[in-house]
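Q: Single-letter residue listing:
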Amino acid sequence: MVNHPVLLIAIPLLTAFIIPIFKKYGAAIAGGAIAFNMGYAIGMFSHIYSNGKIYETIAGFNPPVGIFLAIDALSALLALIINLFAFINFVAIGKESNYKFSMLYLLAIAGSTGIVITGDIFNMFVFFEITAVASYALIAGKKDKKALEGAIKYMVLGSIASSFILIGIALIYSQLKTLNIYDIAARIASMNANIKWASFAMLLTGIGVEAEIFPLNGWVPAAYQGASEGVASLLSFAPSKAAIYAIARLMLVVFPFHATYEIALWIGVVTLIIGELAAFMQEDVKRMLAYSSIGQMGLILVAFSLASQGLKYALMASLFLIVSHAASKSSLFLLSKSEKMYGMAGKYTGIVSVLSLIGMPPLAGFWGKWYLMLSAMDEKLWYVIILIFFAGIVETAYFARYLHRSIGKDGESSLRYKAAMAAMASFAIIFGLLPLLYKIASLPLWGG
Amino acid sequence: MLDIIFAELIVAAIITFFVREKLAAIIAFFMSLLPLLALLDWASNYGFAIINLGIESHMKIYLAGVTLHLAITPLSWFFALMILPLFPVIMLFSYSFFKENDGFFALMLLSLLATFGILLSRDMLSLFLFWEMMSWSSFLLVYRSKDRNAIMSYLIFSVFAAFAILFGIIILWHENSSLLLSDILNISGKPGFIAIASLITGFAVKAVIMPLHAWAPFVYSKCDESFVAFLAGGLSKLGYYGMFLFLFSLKGVDILQSYMTNVSWNYLLAVFGALSAFFATLIAILQDDLRKLLAYSSIGQLGYIAIGFGIGTPLAITGALFQAFNHAFFKAILFLTAGIVAYRTGKWKISELGGLAYKMPFTFMAALFAIFALAAIPITSGFAAKWLIYEAAIQQKYVFIAPIMLIAGVGAFLYSFRILYGVFLGENRHDNVEEAPKSMIAALFILVMPLMIFVVFPGYMLDLMKPALQAAGMESIAHTKFAIETSLAKYNSIAVLITLMVAMIPAFIIYKARKHRVTSFEDNYLAGEPYELHKPSMHAANNFYKPLKKVVLPYLEPGATHYFEKIYNGIKCASNAVRRVYTGYVQDYAIYVVLFLLFIVGWLIWI
Amino acid sequence: MDMIGMAIKIAILIAYAIIGTCVGLLFMGIGRKIIARVHNRVGPPFYQNFIDVAKLLSKKTNISHGWIFDLALLFSISGILLTLLFLPIGGAQLLSMDGDAFLVLYLLAIPALGFALGAGASGNPNAGVGVMRALVMMLSYELPFVITLIALMIYYDTTSLATIVKMQSIDGIKSWAITMPPFMIAAFAADMALQGMLMEQPFDIPVAPHEIASGPMVEFGGKYLGSLMLYKAIALVAETTLFVDLFLGGGVVMHSGVMAAIINFFVWLGLIFLLFVLSILIAASFPRFRIEQAFGFYWKYEAIIAAISLIWVYIMVIK
Amino acid sequence: MNLATLTLPCYITVAALLSIGLYGVISKRNLMKIFISLSIMETGVNLLLITIGYIPGGTAPIENANFAKYVDPLPQALVLTAIVIGLSVTALAIAVLISYYQKNGTLEYKEGMKW
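Chains as they are written, first to last, in my numbering: chain A, 1 to 448; chain B, 1 to 607; chain C, 1 to 319; chain D, 1 to 115.
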């Protein structure tokens, strides 16, 4: 029943194309589809969590030729997070939106989920493009100058990125004649070294644009600043998380070499520092949060790169960081609708989110930082530890300023909006208390 | 039973969050008594059988996949005895203190939970976890103040402290491959030194040792006094608890004494303690805001504990723990008094206050007693504590530290009198002020009691800390109920007290021999002239220590805060430089992408 | 047996309290006389202060300003007596085995604080200013004094005054601390501090009759003022005795026997008298400092002098 | 003729198209030109895919009676997908540019949100 992951992609895609027919009920239909998706993702996750991985081939062609979905507990978790937050986010903003928005929203969700659960590198590219195109349109949907500028920046960089991804895929295919990730991983050693590195560089650059790593993230501040709150929230948990997960798979499964680990580690650290420093001086809340997102993505990348060294703690760290960042940033972006907080709910949403981001227990962010430190210590990365500490303090400084500034009269908002915000932030607490992520990290993962 | 206490605190926190403030105060008061019950029950472990409920002395908590080990130790028992009683008292005090609840009691209960957790934790993860919990629950209480400097400085310094502690912890974890405190046997070499130094730095933030004190004046002077009473009285002691734990219980002091040099690095701690005692006292003397004065006085008094730990002999540590205990109580009293004053008059500036002693005699009496303890007048327990530290410094021949802290002790008289004169004595400026509500007075006098007991019986205090010292492998110093004896001298509290009582007799005879009548000072001083005419010149408390200020102030500026601001501005500059990367031109971003690609390819292929 | 010892001890304590009071009042009278002679006046008789105190204490009209004001009376007399009894006086240990120099230092604060409380409670601004000056003076002179004290303590490796006196009296005058070069310097600094402690010119800033109407004492009259005069008299004895104990072997020149006790007593009396006269002579020949000047004097020059002696002693001890 | 001599010109063309595209993106201020450059890049990438799948002497991978040697069909499928995607991106881009033009009255890229 819950072992057909393809439905996670198919349902939102099909619904998205049905919506233009029933314009008036677009939001409702979309809401139903996302709710179904969320339910299905939860079911599938619990199924995989207890029964192990699922492989699904599409249309009867077996890998390496056919399209192939491979889902372990980790990708199921990512799919779960994406769909869950997508649902909550849609609860907050869905009703006010028109059918076009709902359609694009569904496409973005389908694409992000697809990136996570696919086992085929070209499929991944296609899903990237679906996500990206939907995101461009969603950002531009606000139709003011800033939104258009953000969308254009994203589009230009996204298009370059897609070209690079495609080149990377082409290079791999030229050597190995396969597109299946696990097939590639098995035969990566037989590749010509130069082409291997070139293809890795191309893929990293291409996906890195989506994953907001420095210096490929020029679009990020503009896009987040330009987009409406709901869209910014969506961007913070769906495409970026899917992309960072794609990079992680690339690093851990396809190119598990020391050189790639080092590159990812240092890029992660640089991204972290630059993002946090750039956020430090921001006056615009959304732009500050965008830079902060960049920093967090750097941190997650550091965690994943350490995980590629086979450190169990690092994998846990990355999971906790992803969850913490998704929960906190999405709620903070929703909160950024007004300069001030929305009453009690808004106040505590903001506080919980910020505390999770700066790593206070028992919130998810704390475990992220804790395990990250343990694994960095295992590798004796003194400088990395110090730099992360430094970035953490800078982050604390601007979030403290943010918290102080948002004290004041309540902003106007509906109960639904507030509840959604609070629900998102509450996942930082829930995942911080439950041993779920801890256990996932010790399951057999990544394998083909 | 122990797990019930933890669960009960969480539930109570949730309930008090939603109910009205009076009811919340009552619930919080009774709920915060339960941990004390556990403490009394555990007292039988250390030879003070009081009650026997059979509360288990250790437990495990399963959280997010890890196991937290909790157990009571002699050290944590002693510190709990000093910190936990503050909570019910503060709840009692706050019964009529707040206009709106707004989560105060819930957060205080969470702080209590975190404090309890810190004290009970037997592995470094739970120590850190509860420590951070403490940080955020107290941060949220600071957040109520809505003051920019308080919020920012507290959060930033808390996180800095947390990172320093975390750094130390992970190094120790890596060296010993275990998080359990009982497994930490190997603190040696460079990693051990770095770990201990880093831990001390982290704890020093909460222990408010200069120059890491910069947050304290802001926070202490802007938050609710009933919370600050805990912050100054209780939270700062947790910093010293952490120091004691890693320095003496786990023998981290050995690596400090033997690493690379002949001079013990531990001495540095004493020096910083002495400097904070000295400078904070001088700054406190010059303050006009009552809460700021108390804040700096706190920093100064806490400095003595740091000196005690820095000297590191059993004598010094005994004195430091004694001082910590006293400080917890008298500083709580003083901040609560400040709260009462603000509650009744709405003012904090000493120059705007005056003459409250006759209006609120009970408040004044409690404050007077606390001030005597603070100034270490020999009829209070404050003296015994400082005396032990002085003795230790002389014993070790610390000729730099000893005069500095002695003169800081004299400085304490100056600001003590500033509080007494400016707030309670001098010209009467408030005609319509009543004595504080009964619950507040009760809270004050509950806090006075332990100070009273240890006035007469300083030996009891040494008995209380004996298990903690023995657990750290230290001999308790020779003492009886009344007297403490060191290799240098002896202090007999009962001799002082009895002699004072006897010496009171002639004084009392003189007092009673002739009658007197009470006259308002206006009648005397103004000789019938209208009061309004003289009003501007009446109050001497305005800019009280002006001559001293003129001499001293140039040497106190620019102060530590200035340097932290410089660091902040430095980061601002860095931030400004970094964000120029995001030029806003999409073409530039495209160039970055290409350069990045080339860089990666270059790295991979040619390097 | 023990009861008898106890009773004797109590009797001795009471005797010394009375002696201290009388000696103090006597000295004050003599001091007035000396100053008058220096000023080329006749001056009051040497027993004038006894008469003054008796007159004040027997006054029928006394004005109080409330119960805190009364604390001044109670605490100033009892506190200073307490201090006096914790000092070894001329070979008699009194209670000095139950305390030490730090205790005495802090005991001196009890009467001062009580006095200050009463002055503050009077509500007179002049009193407030006077107390402020007194406290700042205290902060000033304590620094050099404390440094010299620590020099002595680390040299004799004790903080107990009784032990310090004992160790100085091993060889009679030859083993007095002041015979050693570093302690000569220290004694100079400590004597200057003593001048401040006694509130004599040039350090009589707190009372400064012409500026702030006798400062803290402005609202005191009758039995209150009388008790303050008693306090001042005893304080004079206590403070000079402290100096004698620290640097002049407590006046102890002989060891055992009744004869020794009597001689020691008179040597002590002579020494504190000399100190007092010295201070009076200085007072008679210098004008008053301003408070900033006094503070600077003590914290700059005096503290450096004291620090030199401390460093000297430290080097001696380390070797 | 061997594979290399046949595909080399194609690779050179790919490199040329990519460089031209990138140069256009980097140097042009007109947004329309930028997107045209991006399309050129995409063409280059598509050509690369085709070239990779090429086998000397192969026919189109369409099943009929008498084919024996055919080029790799997968890249061609990929290219079809890529072209569709490229088209949709371009269409969206033009829609956004129209909006941009309506708001700003120009297609020249103006410095907007920065730092």
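A portion of the hints provided could be inaccurate.
[What the hints assert, rightly or not] Part of the chain B face toward chain C, derived, beta carbon under 10 Å:
no.	residue
1	A71
2	M504
3	T519
These aren't lab readings, by the way, just hints derived from the structure by calculation. Just so it is clear, CB atoms sit at the ideal spot from N, CA and C, and this is done for glycine as well.
Q: Name the hints, by number, that the structure is in violation of.
A: 1
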